[in-house]
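Heads up: the protein sequence lines correspond to chains Y, C and L, in order. No gaps in the numbering here: position 66 of the first sequence is 66 in the working numbering, and each next residue is one more. Each number in the working numbering comes from the position in the second sequence (counting from 1) with 1000 added on. Each number in the working numbering comes from the position in the third sequence (counting from 1) with 2000 added on.
Think of the hints as simulated: they come from the structure by calculation, not from any bench. Treat the hints with care, as some may be off.
What the hints assert, rightly or not - Simulated crosslink set (DSBU-like; lysine-lysine; CA at most 35 angstroms straight-line):
| no. | chain 1 | residue 1 | chain 2 | residue 2 |
| --- | --- | --- | --- | --- |
| 1 | L | 2074 | C | 1279 |
| 2 | L | 2173 | C | 1279 |
| 3 | C | 1279 | L | 2270 |
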Amino acid sequence: MDIFIQQVMSGLATGGIYASLALALVMIYEATEVVNYSQGEMAMFSTYLCWSLLQAGLPYWVAFFATLVLAFVGGVLIERVIIRPVEDAPILTIVIVCIGLLVILNSVAGWIYSYIQKPFPTPFPGEPFKLGNIYLGKHDLGEIGVTLVVFVLLFVFFRFTTLGLAMRAAAQNPVASRLVGIRVGWMLALGWGLAAAVGAVAGMIVAPVLFLDPNMMGGVLLYAFASATLGGFTSPGGAVVGGLLVGVIENLVATYVSFIGTELKLTVALALIILVLLFRPSGLFGRVTVRRV
Amino acid sequence: MPSRSVKAAGLILLIAVACALPFVLSGFRLFQFSQVFIYAMALLGLNILTGYNGQISLGHGAFYALGAYTTAILVDRAGVNYALTIPAAFLLCLVVGFLFGIPALRLEGLYLALATFSLALAIPQILKYFEHWTGGSQGIVLSKPKAPWGLPLTRDQWLYYLSLAVLIVLFVLGRNLLQGRVGRALVAIRDNPIAAEAMGINSALYKSLAFGVSAAYTGVAGALSGVVVAFVAPDTFNVFLSITFLVGVVVGGLASISGAIFGALFIQFVPNWAQDISKAAPWAIYGIFLIVFMYVMPRGISGSLRLAWSRLVRPKR
Amino acid sequence: MTGRRTVLALVLTLGLAVLAAPVLAADPGVTATEIKIGNTNPYSGPASAYGTIGKGIGAYFKKVNDEGGINGRKINYITYDDSYSPPKTVEMVRKLVESDQVAILFQTLGTPPNSAIHKYMNEEKVPHLFVATGATKWNDPKNFPWTMGWQPNYQTEGKIYAQYILKNIPNAKVGILFQNDDYGKDYLKGFEDGLGDAAKKLIVLKQSYEVTDPTIDSQIVNLKNSGANVFFNITIPKFAVQAIKKSHDIGWKPTHFLNNVSSSLGTVLKPAGLEASRGLITALYAKEITDPQWKNDKGMQDWLAWMKKYYPEGALDDQANAYAYTVAQTMVHVLKQCGNDLSRANIMRQAANIKNLELPLLLPGIKINTSPTDYAPIEQEQLAKFDGERWALFGELYDASKK
């Protein structure tokens, strides 16, 4: 029983990593109907900015919030300068632009900061808590906590504020939104800015565990996609649940199904997602779109 | 519009030139061009599915891997002649692709893209797991075949001609498919699936078929790559390969046969040029290339050429 | 319409055809004033952290050139990025050999990339020297006389740990964590072979991970739970830190063998915690650059001076930069030994004729030796235990060539 709980806790911690990036992905999708392939690299780059601030001597939380601001501004700029010219292009064209962005950010980070991994401080240091036989790492708990806080903030923002509503409207029906007076272009930019900030949080929370290097978010991005797919790309709550589920299921399958073991862990996680999609094509909590003729 | 005889003459000239190249280029360049032909086949495959039929696949690297390993396993473990592995890969991927197409019917746009993305992600792990067949992470080493029937060709020249020949065959097949009823059905399903069904097109059948044929083309490309590179290893067939294919198809031009060649040239040569331009951050240059391409040619190279041509040739009044 | 665009497509193809007619020189890649050395390294992609080796080698060759070169010739070092992708490696290597006309290939990195060019290099009879991988298959002079490795291979290291366990830990219950690729599997094979028949009995659990996995915490939990009291840790630095930390956090204290790849004090033990790392055992063949015991060592100080002058952007705590320095020194030694005959055949002959070469950053007592039947330059390693401050060497110098 102990091992089960320990693996679940471990899975939740890893899942928290996936969930935090998945949130950023879903956010951009909600706000702009674009799947941003460079989300992971944007998060990684923001984390490097934080690292530079820390190297310059700023205390952790100052650097943290400064990075959020920088990331937000960066996200807005990227949308206005790089995405805007192809806003009306076919969806695949935008995807390629995002891929271009991914590759540029990765390469520039490697060029400026080199590819050697760097340690990154955690705001939750110290020995793990011990509950009976179960060990709960302080940082792991902190990770899950921060992800949940970000999720709640986003939920409240989108559901209960005018700005949030305007952003959702702009994404779902730009024409009607313009008619109502919403500045659609700026809503999109805001969406990217917010998503970049959320991604930055993900990066900074994840870096103490993964070590900071330009390829840090590569693996996480893949799992984040899987998580958002499972939870439903149109549901931030789904992204979080999806992430936690992926983390837990991965661990449990690897532990208990011995013929699969760890050598097919990733495959199993992905197979599960495809299975879910067959029964619920829009993900567990996704919105089912009805198309009218 | 140029007349049919002019077009035919142009095509023949082109093929003649392509056939003459091996006597002018070095082995290394021939290797590069063989890769271009191989990519072009894979991109045409992906284009059938994504460009003509609107089903976005981010997992075509999986079929490429399947084709490559079919060749590797048949040649290395079963001593089969490499030439026979190419139609074998075609058939195998046709069936597997079709079977894939069936559950894919339930998934729309974004979710299909992500499901295929997941497939691409899992491929290296699956390949490593079945170590006994696939050689695991060490991969399988093959030998580059010599020219058959005592032809006075070097191995590079022979493989170049082989790739070119297969490419022409696949292109002709593809052209007949896409410019006829099947192609029109695929495009109709892409543009307005409900109307297409209403007109009596068996959407499910065509969509699955599109998947199958698309996979078959990419599988053949993979098989040939196994022969030309003479080495297969699981980590080569990673997610980045599938993404590269998508890049090639979009840059070359969706729903276009010639787009496959443009795209193949792009994904083969632009990374090399980027390295020549900047040793420090070559992929940043590549990324800039990509973005600029999309700004200037949002419908890909062939799309933009089509546009430019139609502007040049004004309709007679 | 399709025809016209296809015409344009292939015209572009033609336009791009760069004619490179190779001119066969008597000694390819060699002139009176220079030697061309080719290399591929992963400067981008998942293995890009190793790209510092390719850069470090370039920096060392620059030092050699500044000091007059080798027998009057400067080294012209050409290195390309292959992103650790075998098809790209094949392309870049063919470019080096056929287009750039290099004399030799040196320190091409990675097992899959080198596997892809293995046959080609031997068919073209181009020296394929000191490849940067620990796989065992590069020591095969009978079938592949033009290919040679350099570092002690992974299987040998695995065997050393296995034999130590057999001799010193009679009630061992072994748990293994390994990276699911050629590197991890190679170590595993050596270890299992070293245990021989006892392997099935002694190994209680094996756990693998992929390089793309974020954490290996779950695997550590399973290993602890299996009751293992010996832990063979086959991980790259990023995951080694996690493994050491997590084991410590969950109170699991096995006899912990850490593979040489992750033995760096500065990049692994320190982040994991020096206390948590106490008791770790590894096998070393080189001086660890962040280990305080070598602070006043002349070889170490020379290395530091070289880093500061020629490779200032390189990290001073990355063992890969010591590796680059030492392997480059080996190459320079071989070229010097060639005298004025820099034909490919002679370079290969001299590479297979290194006698008792001692280099400043190798552990005292370790000598590089090769012969026409022995293509494994470094075969000696020494066990070391971390005492909280340094890697304390113990036991005798293990020599694989004597087994």
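Q: With a cut-off of 35 angstroms on the C-alpha distance, tell me whether residue 2173/L and residue 1279/C pass.
A: Violated - the C-alpha atoms of residue 1279/C and residue 2173/L are around 49 angstroms apart, more than 35 angstroms.
Q) Keeping to a limit of 35 angstroms between CA atoms, is the pair of residue 2074/L and residue 1279/C held or broken? A) With Cα atoms ~22 angstroms apart, residue 2074/L and residue 1279/C stay inside 35 angstroms; holds.
**Q.** 35 angstroms limit on alpha-carbon distance, applied to hinted pair residue 1279/C and residue 2270/L
**A.** OK: residue 1279/C and residue 2270/L at ~33 angstroms, within 35 angstroms.
Going through the hint list in order, the structure does not satisfy hint 2, though it satisfies all others.
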